[in-house]
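**Student:** Protein chains in written order, with the numbering used here: chain A, 1 to 291; chain B, 292 to 581.
Be aware that a few hints might be false.
What the hints assert, rightly or not - So the derived list for chain A, only partly shown, Cβ under 7 angstroms to chain B, looks like this:
hint, residue
1, Arg184
2, Leu185
3, Ala188
4, Arg190
5, Thr191
6, Leu192
7, Gly193
8, Ala194
9, Asp198
10, Pro206
11, Trp283
12, Gln285
Stated by the list, open to error - Cβ pair distances, simulated, as ranges:
hint, chain 1, residue 1, chain 2, residue 2, range
13, A, Arg279, B, Gln387, 29 to 35 angstroms
14, A, Leu135, B, Ser365, 45 to 51 angstroms
15, B, Ile429, A, Trp49, 57 to 63 angstroms
16, A, Phe197, B, Ile429, 28 to 34 angstroms
17, B, Asp430, A, Arg136, 46 to 52 angstroms
18, B, Asp430, A, Ala280, 23 to 29 angstroms
19, B, Ala412, A, Ala280, 19 to 25 angstroms
20, A, Arg183, B, His434, 24 to 30 angstroms
21, B, Ser365, A, Pro131, 42 to 48 angstroms
22, A, Ala32, B, Ala412, 51 to 57 angstroms
23, B, Asp430, A, Phe151, 55 to 61 angstroms
24, A, Phe101, B, Gly318, 50 to 56 angstroms
25, B, Ala377, A, Arg122, 15 to 21 angstroms
26, B, Ala412, A, Phe271, 30 to 36 angstroms
Rather than coming from a laboratory, the hints here were simulated on the basis of the structure. Glycine is no exception: its CB is placed at the ideal position from the N, C-alpha and C atoms.
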Amino acid sequence: MSKPALLRLVAPFVRAGAESARAPKTKGARRAQRALGSLLIGAASLGLWLGLWQLASTRDWQFFFRFDNIPAPTEVALAAGELVSSPKFASHVESSVRRIFAGFSIAAVLAVSLGVAVGRVRIAALSLLPPLEVLRPIPAVAWIPLAILLFASAEQSMIFITFIGAFFPIFLSTIHGVEGLDRRLVHASRTLGAGPFDVFWEVVLPGALPAIVTGLSIGMGTSWFSLVTAEMISGQYGIGYYTWEAYTLQNYPHIVLGMINIGLLGMGSSFGIKWLGRRAMPWFQPEGSAT
Amino acid sequence: MSAAPLFPDADPAPAAIELRQVDIHFGAGKTAVRAVSQLDLDVAPGEFVSILGPSGCGKSTLIGAIAGFTQVTSGELRVDGRPVSAPGPDRGVVFQHHTLFPWKTVLQNVEFGLKMRGAAAGERRDTALAMLDSVGLIDFARHYPWQLSGGMQQRVSLARVLVNRPRVTLMDEPFCALDAQTRLSMQELLLALWHAYHITVVFVTHDVDEAIFLSDRIVVLSERPGRVKAELTIGLPRPRTRDLLTSGEFMQLKRESLGLLFEGSGPPGSIYRGPAEAPRSTQTRVARQR
Numbered sequence: 001m002s003k004p005a006l007l008r009l010v011a012p013f014v015r016a017g018a019e020s021a022r023a024p025k026t027k028g029a030r031r032a033q034r035a036l037g038s039l040l041i042g043a044a045s046l047g048l049w050l051g052l053w054q055l056a057s058t059r060d061w062q063f064f065f066r067f068d069n070i071p072a073p074t075e076v077a078l079a080a081g082e083l084v085s086s087p088k089f090a091s092h093v094e095s096s097v098r099r100i101f102a103g104f105s106i107a108a109v110l111a112v113s114l115g116v117a118v119g120r121v122r123i124a125a126l127s128l129l130p131p132l133e134v135l136r137p138i139p140a141v142a143w144i145p146l147a148i149l150l151f152a153s154a155e156q157s158m159i160f161i162t163f164i165g166a167f168f169p170i171f172l173s174t175i176h177g178v179e180g181l182d183r184r185l186v187h188a189s190r191t192l193g194a195g196p197f198d199v200f201w202e203v204v205l206p207g208a209l210p211a212i213v214t215g216l217s218i219g220m221g222t223s224w225f226s227l228v229t230a231e232m233i234s235g236q237y238g239i240g241y242y243t244w245e246a247y248t249l250q251n252y253p254h255i256v257l258g259m260i261n262i263g264l265l266g267m268g269s270s271f272g273i274k275w276l277g278r279r280a281m282p283w284f285q286p287e288g289s290a291t
Numbered sequence: 292m293s294a295a296p297l298f299p300d301a302d303p304a305p306a307a308i309e310l311r312q313v314d315i316h317f318g319a320g321k322t323a324v325r326a327v328s329q330l331d332l333d334v335a336p337g338e339f340v341s342i343l344g345p346s347g348c349g350k351s352t353l354i355g356a357i358a359g360f361t362q363v364t365s366g367e368l369r370v371d372g373r374p375v376s377a378p379g380p381d382r383g384v385v386f387q388h389h390t391l392f393p394w395k396t397v398l399q400n401v402e403f404g405l406k407m408r409g410a411a412a413g414e415r416r417d418t419a420l421a422m423l424d425s426v427g428l429i430d431f432a433r434h435y436p437w438q439l440s441g442g443m444q445q446r447v448s449l450a451r452v453l454v455n456r457p458r459v460t461l462m463d464e465p466f467c468a469l470d471a472q473t474r475l476s477m478q479e480l481l482l483a484l485w486h487a488y489h490i491t492v493v494f495v496t497h498d499v500d501e502a503i504f505l506s507d508r509i510v511v512l513s514e515r516p517g518r519v520k521a522e523l524t525i526g527l528p529r530p531r532t533r534d535l536l537t538s539g540e541f542m543q544l545k546r547e548s549l550g551l552l553f554e555g556s557g558p559p560g561s562i563y564r565g566p567a568e569a570p571r572s573t574q575t576r577v578a579r580q581r
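Just chain A, same shape as in the assembly (with noise of 0.2 angstroms):
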């Protein structure tokens, strides 16, 4: 949930304390307050979830979900405890970053390609646009029956498998970025004495530039998507693997740990994408306030 939408939903009790108590003197002071009571809240409401899971798992809960399997967050943490000192939890780490390091790749380097050309040339456009648009709503997940037969080892396969994912929100975000072009400075960049290549290279992809940034951040996300589902299923090491096999090997606070693990690496990589988008084009401001 967004921060002023919990802040609304929290609203009345926090005025309410605030009434009851002796009201701040300063503004300051008030929000101060007023921060720090919104802290608690989401403190004591994550401690007040954790407790209900550490109880319901403890005491095997059954009304519609069924806790008398579900790892309690004790568990979890002792497992998690194992875990740093394992090499072999190491391997599953890094044969899931490799995997999607080639596919997500191969994807931006192809995607971002594709995208200027379509955006630009007309014919190009006319020519790759049906036979994607064909395949674009095929999910990647989809794809992994075909693609165990399209490709020798299960580790290509895989690679496809993430490729597919993040190739597509790129490959859109970059049409959208250079159709989005503001005409005015392809057309100052002419008058200043820039040929065809100049306005390709100086002004259409660093215009684009946003635009593919975003694109890779979401299909970083995409890719991982695709690539624990291809794991789960056809894989051999790997944290998608690591986390079905929890499951096969009745090792239930792995499930967990597992699942923990994507999110820290997801989150990890589109925090590194936005990280390299803002070193790539410092003169970016968001908010809009580049005119």
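Could you slot chain B onto chain A? The hints should help.
**Tutor:** Leaving out everything else, chain B in the frame of chain A:
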């Protein structure tokens, strides 16, 4: 200036512009628009000419045609005796709203034309810095365009065009988005640059004061389709300063220009212009989108 070796083949004299019976039409069939019709215009080398006219009269279309964005439908359009076919660095354009590249710093923006020419990095940096100095923005070389005020952005636009030593500088209402005070200092700066760099300027405006203050000659266009309705030579002495704006001579010229501008455009004060106005205004919008 250190720019000299960069432009070995540059003609030191500014360019002349000739338009003979120029027609510019857009579209076809029912949506066809005649933007400019039977237009004759001569601009002498080094002259400062303002094009004055009501909005939608084809002023911007004319600038686009001289710049080479728009092809003339019929007639002849020559710069330096050569027909115009495509945009080029010999004809610089300053647009109404700045078109600085947001991803380049002020210095990189000004360097752009020199880079396109293949100038060496050090040389183009020195030339661009000198140009930035002459528009008073040397301290902002490392800033990005969004960090500047509107007036500063237009000064960078001017510097970016003039660093190319264009034979003609085309300006399409470049100061109309600025506040009155900034506009006046920009006008003074432009006159100083015009004097220093010996350029031919075609300046489009709808502001009568601006046209008189800047120009050697004012060309008044009619409503669409635009054709030359009147010309007015401005003999005011140069250099011109802001004191001129309140002089009797200036007022006299302003009265004359306003008379020319509104000549034959219906009774003054009348709000209702009849149903014929409606289709024309839609045509105006269509042509502007081009």
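**Student:** Each of the hints needs a verdict: does it hold here or not?
**Tutor:** Evaluated hints:
1. Interface hint at arginine 184 of chain A: satisfied, since its Cβ lies 5 angstroms from the closest Cβ of chain B, which is below the 7 angstroms cut-off.
2. The restraint placing leucine 185 of chain A at the interface with chain B holds, with a minimum CB-CB distance near 6 angstroms, inside the 7 angstroms limit.
3. Interface restraint check: alanine 188 of chain A against chain B, minimum CB-CB distance 4 angstroms, threshold 7 angstroms, status holds.
4. Taken as an interface hint, arginine 190 of chain A checks out: its beta carbon lies about 4 angstroms from the nearest beta carbon of chain B, inside 7 angstroms.
5. At its closest, the beta carbon of threonine 191 of chain A sits 5 angstroms from a beta carbon of chain B; the interface hint therefore holds under the 7 angstroms criterion.
6. Annotation: leucine 192 of chain A was flagged as interfacial toward chain B, and the flag holds, the nearest CB pair being 4 angstroms apart, inside 7 angstroms.
7. Here the hint on glycine 193 of chain A is kept, as its CB sits about 4 angstroms from the closest CB of chain B, short of 7 angstroms.
8. A hinted interface residue such as alanine 194 of chain A counts as satisfied when its beta carbon comes closer than 7 angstroms to some beta carbon of chain B; here the least separation is about 5 angstroms, so the hint holds.
9. Satisfaction of the interface hint for aspartate 198 of chain A is found here, the shortest Cβ-Cβ separation to chain B being roughly 6 angstroms, below the 7 angstroms cut-off.
10. Of the supplied interface hints, the one on proline 206 of chain A holds, with its beta-carbon coming within about 4 angstroms of a beta-carbon of chain B, less than 7 angstroms.
11. Because the smallest distance between the Cβ of tryptophan 283 of chain A and any Cβ of chain B comes to about 5 angstroms, under 7 angstroms, the interface hint for this residue holds.
12. Taking 7 angstroms as the C-beta contact cut-off toward chain B, the hint placing glutamine 285 of chain A at the interface holds, the least distance being around 6 angstroms.
13. The beta-carbon spacing between arginine 279 of chain A and glutamine 387 of chain B, approximately 34 angstroms, falls within the hinted interval of 29 to 35 angstroms.
14. Between leucine 135 of chain A and serine 365 of chain B the beta carbon distance is about 49 angstroms. The supplied range of 45 to 51 angstroms therefore holds.
15. In this structure, isoleucine 429 of chain B and tryptophan 49 of chain A meet the distance hint of 57 to 63 angstroms, their C-beta atoms being roughly 60 angstroms apart.
16. For the pair phenylalanine 197 of chain A and isoleucine 429 of chain B, the supplied restraint of 28 to 34 angstroms holds, since their beta-carbon distance comes to about 31 angstroms.
17. Taking the beta carbon of each, aspartate 430 of chain B and arginine 136 of chain A are about 50 angstroms apart, inside 46 to 52 angstroms as hinted.
18. Checked against the hint of 23 to 29 angstroms, the pair aspartate 430 of chain B and alanine 280 of chain A passes, with Cβ atoms roughly 26 angstroms apart.
19. With their beta carbons about 21 angstroms apart, alanine 412 of chain B and alanine 280 of chain A fall inside the hinted range of 19 to 25 angstroms.
20. Between arginine 183 of chain A and histidine 434 of chain B, the C-beta spacing of about 25 angstroms keeps the proposed range 24 to 30 angstroms intact.
21. Taking 42 to 48 angstroms as the suggested C-beta distance range, the pair serine 365 of chain B and proline 131 of chain A conforms, at roughly 44 angstroms.
22. Evaluation of the 51 to 57 angstroms hint for alanine 32 of chain A and alanine 412 of chain B yields a pass: the beta carbon distance comes to about 52 angstroms.
23. Range check, aspartate 430 of chain B to phenylalanine 151 of chain A: about 59 angstroms between beta-carbon atoms, so the 55 to 61 angstroms window is met.
24. One distance hint, 50 to 56 angstroms for the beta-carbon pair phenylalanine 101 of chain A and glycine 318 of chain B, holds here, with the actual separation near 52 angstroms.
25. One distance hint, 15 to 21 angstroms for the beta-carbon pair alanine 377 of chain B and arginine 122 of chain A, holds here, with the actual separation near 19 angstroms.
26. Taken as a hint, the range 30 to 36 angstroms holds for the pair alanine 412 of chain B and phenylalanine 271 of chain A, whose Cβ atoms sit roughly 35 angstroms apart.
When the structure is compared with the earlier hints, no violation turns up for any of them.
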